[in-house]
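Please dock the two separately framed chains into a single complex, following the hints provided.
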Amino acid sequence: NAGVTQTPKFQVLKTGQSMTLQCAQDMNHEYMSWYRQDPGMGLRLIHYSVGAGITDQGEVPNGYNVSRSTTEDFPLRLLSAAPSQTSVYFCASRSGTPEANYGYTFGSGTRLTVV
Amino acid sequence: DQQVKQNSPSLSVQEGRISILNCDYTNSMFDYFLWYKKYPAEGPTFLISISSIKDKNEDGRFTVFLNKSAKHLSLHIVPSQPGDSAVYFCAASPQGGKLTFGTGTRLTIIP
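Residue numbers (the numbering used here), protein chains in the order written: chain A, 1 to 115; chain B, 116 to 226.
The following block holds chain B by itself, in its conformation from the complex (with noise of 0.2 Å):
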């Protein structure tokens, strides 16, 4: 059973313009969400989190939108470039606890 999803595989964006990645969870209990960023042959970098007692959070050109009630979260990337080229994984964690990943979306940024 898939707690966190990612149900878009792939996304294509032109450079300069926006990219909206989009996460989906299941479980009530999950408080803190992040975001992470991965290159091939490499492990996961963390890119910017939001606690449940927010609804954004801004880190330069990343905003990450947290809406509760929808059991939902999206990360923003404006403008795009070149080097945001990579696979976005979510994930989730209780207060404290184990953290789940979705399957990942891969971005790629179109010159």
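Chain A on its own, in the form it takes in the complex (with noise of 0.2 Å):
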């Protein structure tokens, strides 16, 4: 089925290893967002890109990176875990036409905890 895949769907890390959250999309969206879910928070962004190539930071960047070498997959990097990084991952994507009504398809989410 068409839509946004995130990989994997639970990792247990150790503070100060590193890991690659995966997120691939299938539906040639141009824009594609990294989001972080917390208790009491809301949907926070952390990355976002408008295309193959560009990339931008979003509102809780930090301890995050990311790349756009494609239109289908936009990898999350946690570059070394902290405690503070505990949450609830999702990616999203959605077209960059001007006739999108700019509603992100989500992922299912990857639960990230680090002891």
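Honestly, the hints are just simulated from the structure, not real lab data.
Please note: incorrect hints may appear among the correct ones.
SDA-like cross-link-like pairs, simulated, lysine to any residue; straight-line CA separation at most 20 Å [what the hints assert, rightly or not]:
hint : chain 1 : residue 1 : chain 2 : residue 2
1    : B       : K213      : A       : V60
2    : B       : K213      : A       : D56
3    : B       : K213      : A       : K9
4    : B       : K213      : A       : T97
5    : B       : K213      : A       : R68
6    : A       : K9        : A       : D38
This is the structure:
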């Protein structure tokens, strides 16, 4: 089925470890974003991309890197995991055409625990 | 600084009655507003949106109202059904820009 695929679904890391959260979409969407969801904080934007080769920081970018080498993929890298990065991470994408309703399609999330 | 605010963390409504979820924003550059619904262990799903050139948008049981002067929008669900129990997020975006979410309201429909 078409959509946004996130892997892994669950991950436990030790403090200081690095890892990459994968995100792929097969809808040829130009816009892709990474959000984290924490209790009482809603969804906060980490990084954002409007197309291959173009990325921008969101509200909470520290400790995370992204790259967008293809339209389909938008991986999120944790450089040195910290307990404060324990969260549920969502990747999302949407079309950049003027007719798009700005409604992002979200993946099912990655639950990350840093111990 | 929270640019999109949902001041009610939770709301309980009887089945068949109207559910009204509220959202306030502070950024005058926002010109597109959306509501998302989220079930546990799933990603948010897009529900309904409204452009700043309108004050109302309707889709079946869901209606979104926008009051630009008050920087306030609301989502009305009529009639409320048990399957509507979920967390609802309000979100806003400037033209073609980044989407900013509120903190969410947990809606519980009481049978």
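Evaluated hints:
1. Among the hinted pairs, B:K213 with A:V60 is consistent with the structure: their alpha-carbon atoms are about 13 Å apart, no more than 20 Å.
2. Only pairs whose Cα atoms come within 20 Å are accepted, and B:K213 paired with A:D56 is accepted, the gap being roughly 10 Å.
3. Among the hinted pairs, B:K213 with A:K9 is inconsistent with the structure: their alpha-carbon atoms are about 25 Å apart, more than 20 Å.
4. Among the hinted pairs, B:K213 with A:T97 is consistent with the structure: their alpha-carbon atoms are about 15 Å apart, no more than 20 Å.
5. Restraint check for B:K213 and A:R68: satisfied, since their Cα atoms lie roughly 17 Å apart, inside the 20 Å limit.
6. Taking the CA atoms of A:K9 and A:D38, the gap is about 16 Å. The hint holds against a cut of 20 Å.
Violated hint for the displayed structure: number 3, the only one.
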